[in-house]
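> Residue numbers (my numbering), protein chains in the order written: chain A, 11 to 523; chain B, 88 to 443; chain C, 316 to 648.
None of these hints come from the bench; they were simulated from the model.
Given the structure is predicted, the values throughout are model-derived calculations rather than measurements.
Mixed in with the good hints, there may be bad ones.
Think about it this way: if two alpha-carbon atoms lie no more than 25 Å apart in a straight line, the pair counts; the simulated BS3-like pairs of lysine-lysine are [as the list claims (entries may be wrong)]:
no., chain 1, residue 1, chain 2, residue 2
1, B, K401, C, K399
2, C, K574, B, K130
3, C, K570, B, K130
4, C, K399, C, K436
5, B, K130, C, K546
6, C, K414, C, K616
7, C, K399, C, K505
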Amino acid sequence: MTDNRPVLTMTGISKSFPGVRALHDVNFRLLPGEVHALMGENGAGKSTLIKVLTGVYDTDAGAITLHGEPVSFAGPMQATAAGVSTVYQEVNLCTNLSVAENIFIGREPRLLGAVRWGEVRRRARTLLARLELDLDVSAPLGSYSLAIQQMVAIARAIDIQARVLILDEPTSSLDAGEVAQLFRIMRQLRDEGIAILFVTHFLDQVYEIADRITVLRNGGLVGEYTTTELPQLGLVEKMIGKELDVLEGIEEHSRRDLAAVEEGTPLVAVSNFGRAGAVEPFSLTIHAGEVVGLAGLLGSGRTEVARLLFGADRPDGGQVTVDGRPSSLRTPAQAIDHGVGFCSENRRAEGIVADLSVRENLILAMQAARGWLRPIPRRRQDELVDKYIKALTIRPSDPEVPVRNLSGGNQQKVLLARWLITEPRLLILDEPTRGIDIGAKTEIQKLVTQLSDGGMAVLFISAELEEVLRLSHKVAVMRDRQMVAQLANDDTLDADRVMQTIASGSHGEEADR
Amino acid sequence: MNDTMGRYRAMTGHRLFWPAAVLVVMLAANTIYRPGFLSIELKDGHLYGSPIDILRLSAPLILVALGMTLVISTGGIDLSVGSVCAISGAIACMYISRQPDQDSLPVVLTALAMAMGVSLVLGTWNGVLVAVIGIQPIIATLILMVAGRGLAQLITQGQIITINSDPFRAIGLGHLLTLPLAIFIALAAALLVAAFTRRTALGMIIESVGGNAEASRLAGIRSGRVIFLAYVLSATCAAVAGFMMTANVSSADGNAVGLWVELDAILAVVIGGTSLAGGRFFLSGTILGALIIQTLTTTVYAMNISPQTSLLFKAVVVIAVCLIQAPAFRARFTRRRSSAPPPSPIADKPKEQVPA
Amino acid sequence: MRKMRTHSAPWRAAAVLASVLLVGSVAACGNSDTGGGSKDDGKITLGFSQVGAESGWRTANTTSIKDAATAAGIELKFDDAQQKQENQIKAIRNYIQQKVDVIAFSPVVESGWDTVLKEAKDADIPVILTDRSVDSADKSLYKTFLGSDFIKEGRLAGEWLVEQKKTASGPVNIVELQGTTGAAPANDRKKGFAEAIAANPNLKVIASQTGDFTRAGGKQVMEQFLKANPKIDVLFAHNDDMGLGALEAITAAGKVPGKDITIITVDAVKDGMQALADGKFNFIAECSPLLGPQLMDLAKKVHAGEEVPARIETEETTFTQEQAKEALPNRKY
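Kindly produce the complete structure, drawing on both the sequences and the hints.
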């Protein structure tokens, strides 16, 4: 690693959107010839920082220098021209055009207005040779794998005499071999002196390739570290924002007796259940009255597990038994027939129907299960709606108000009630407490305990470890789209151990076979 | 004072207020132009007058627009309704014209059944393309819009099929209780569709699918079936409208029957307050929208607006209706007149329901 | 976000393709266009673009042209423009591309033809206009215009009315049902009629609206005429179909067509002649659709390079109620 003056510095960067402070006084520097990982949970400000850097957004405050000169780009085109190139997560090239065309589109070498196609192909070959890629440059880009397409995008980026290369989650859709190929090229470019800003959700990859790490949290800078001085566990702490000893100090949660609920036939048991590109095959059993917590970082595959169990996505394979009988959970309607309910983490897109009233949203799942020919009598509707508005203290209490007029917390309660009305046997709650105020949060946590005491099984997903630990009988840990462990929530389990498992994937004992 | 203001606001806030106001203004303008416009007299035992004409002539449009309302509510659109009108009318007239006794009721009923059967097949075709295969509704129904015209002409062999059948004529021209039968047919269809959607859970489920397809799927709704049903219903309504249009002139013209009715129907739905993006639908609004459109056409004739300027006249009125319907436009307008801020909703700003 | 449906793209593409093929085949059935370029077998290829099939007159016209082509041994490429100028321009461009020997068409509207006619001229393909004319200033863009003289038709209708009403003491109120706005027959019949009735200042057109040459249109407009104008003495409809539609409106208003209201129309299709013979119409100025044989003769002549007059009228007459009764049994269309 060559250590000299930073090629790029950002100092005191602040950026606000209406109602949101996306970045606050963030400093960032990038040295030539390094791979620098920009880390943080979703919403920490990573993409805003990149967009400020490449001129997609204006800054509210702060300064950027490139090679010591103050710069302010009007847009990505200008940034690219100045040597700051970006390759995005979704490859935004044209798969129906040839490799060469993709590399030079928009800046083809021309002679008297006519594109010199021979020159285009020749230069494309030279460029790819530099990345040690041997491709047919006249073949359509779509005929190559995603990884190769990613590398063509990089080739396009570095051809413009790039000194700074920004890779925004380039590995999210690549398999292990493809990642290795990408890393080889990243190392080569680094050795050529190019500064690489690398964004990823995969911790292992950070430690494999990055020289230094900058961590953001809630729009603020946590710190800049060399990879060697910050172990994985420390990184997770920095990202989540809780020191381990602080976490341990949280109120003693009531331990829940796993053995008692795990007697008898499991309500739902899946084995070898998985979906390519979403989550590696896993096995999981859930008993009646059991709360299973699902812990892991964002993007670790938590939601994907939930969606598979509910039939929202189709599994590639695996076996499912419900009450010990082989069953199938391939569509939501099928899952609902088996008594499964699912509150999505994405309330707006996958939960509420904003146009409909509170009442209609509440009875939607029950009505869907009955079919449209058998409407729920209005009296029964009013009874149910009244009961759950009271039970969950939904405000405003007028059931005919469009649900879009409710606050986030109340919308969440409406969704919960939608499923409670169906009296499910397994309720999957994906981040039910995110983005809602502390009062509503406590109510929902209490409700989960009550429900499981009443015999309902709950799969509880949350980014907040203490919440998971407080409610669950056992905790399944997700990491890099794998279920790496299932830990019984007994005296030996604490946030420390869960976090270690999240960080390394190996600490902590397997509790559930 | 405060009370009257509140009542005023409650009234103008009703979603049917502005379309109704536009209709009243148009009728008033006609009455000013010709004081006898609204007068109705009894002639040959039938009520006779411009308002009756408007009701009778808007009947086919109301039918088509009812079906269109459901389709639009699912987030789709059905461009093929005009062609379905032409096909159903053509089949019915063609069959009747070939029978020795055109006045026989069984003949007419057979003709209607045949035409309805084919229309159901056409609706199924649309439904399968959209709900099963997943083609975008505008493309899927465009296929039948274009092909259907050809089909209608194929059935009539490019001729205008004139028939002389009193039972068939009655659909367009018959009378019941001194009023045109067509009015009752449209009314019955409206009540039937209303009962079918509101007495069952179909209406809510359609609105749910149109409002948020993914959320509906995750709530366990099998949206494909509902969407499919909407297209079949739309074709059924169009088929009955086709009977009316052909019965009105006792002839089937593959080229002219239902020409551009899909555009009028979409306009009626939008004027009625149903969003083109799908979601909530308003059958009463749609009927009001259809009446507005027919009144507009009648106004052009009644005021003898020259044919060269009538299209422009219609366009101006339609733009005015759409603008008046748009809350954003009204808000701007009222803000300019008085400095009082418009009342704000409880939390989020409601989605505007009229694209303008 | 996840897609709701998970059908694979090829399956969907196949469905669209199948649908498009279906459209294609239906369209092909509608037009008897057999495709292919002109073969050099000495047979003349005539490309013809018809307005549409909006009336009985038009279908009789189409039949006459198709029959005459077969009889004359001319290969006919026929296209139905469905009342749209853009379809017609497309069809003519196709004929130019296919290098047909002669192009003939009945223009949907009068204006906007210069460009495509110029293209035909540059390709050295003679153009014959039938039935309706165009307003191009450059008369060399087409060889000849074969068709009725619409102004004359309007004038004949007007002259008959002037003759009928010459003894009328008070004002005579006339309502007019125009054809499709902008179409030559509508413009010309209106013009000829207005010129003729100018002879008697008592004759006055009190309302004039378009009924789009259709029965439904004629009926709807007449309904409003009847309500807006308490005293209507005469109806002049630009074609039989609108007149037939208006009949129903007049009857519904409690008036007797042919007696309370004198009805004059143009065309003389069978349904119209029947109404005339039944005493419901009073006078029809004929506009003969049977110009097929004349068109085939002309096509042969212009293909052979012979000079033809720039304007050729179809042979036409007028019908009163008595004449209609005589002519009706032999009426072909």
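> Between the alpha carbons of K574/C and K130/B, is the straight-line distance 25 Å or under?
With Cα atoms ~18 Å apart, K574/C and K130/B stay inside 25 Å; holds.
> Does the alpha-carbon distance linking K399/C and K505/C stay inside the 25 Å limit?
Holds, at roughly 22 Å.
> Checking one constraint from the list: CA of K570/C to CA of K130/B, max 25 Å. Satisfied?
OK: K570/C and K130/B at ~10 Å, within 25 Å.
> Under the criterion that the straight-line Cα-Cα distance not exceed 25 Å, is the pair K130/B, K546/C satisfied?
Holds: K130/B and K546/C sit about 17 Å apart, inside 25 Å.
> Would the hint linking K399/C and K436/C be met if the CA-CA limit is 25 Å?
22 Å, holds
> Assess, step by step, whether the Cα of K414/C is no farther than 25 Å from the Cα of K616/C, and give holds or violated.
18 Å, holds
> Could you grab the alpha-carbon distance between K401/B and K399/C and see if it respects the 25 Å cut-off?
Answer holds: K401/B to K399/C is near 21 Å, not above 25 Å.
Of the numbered hints given earlier, the model fails none.
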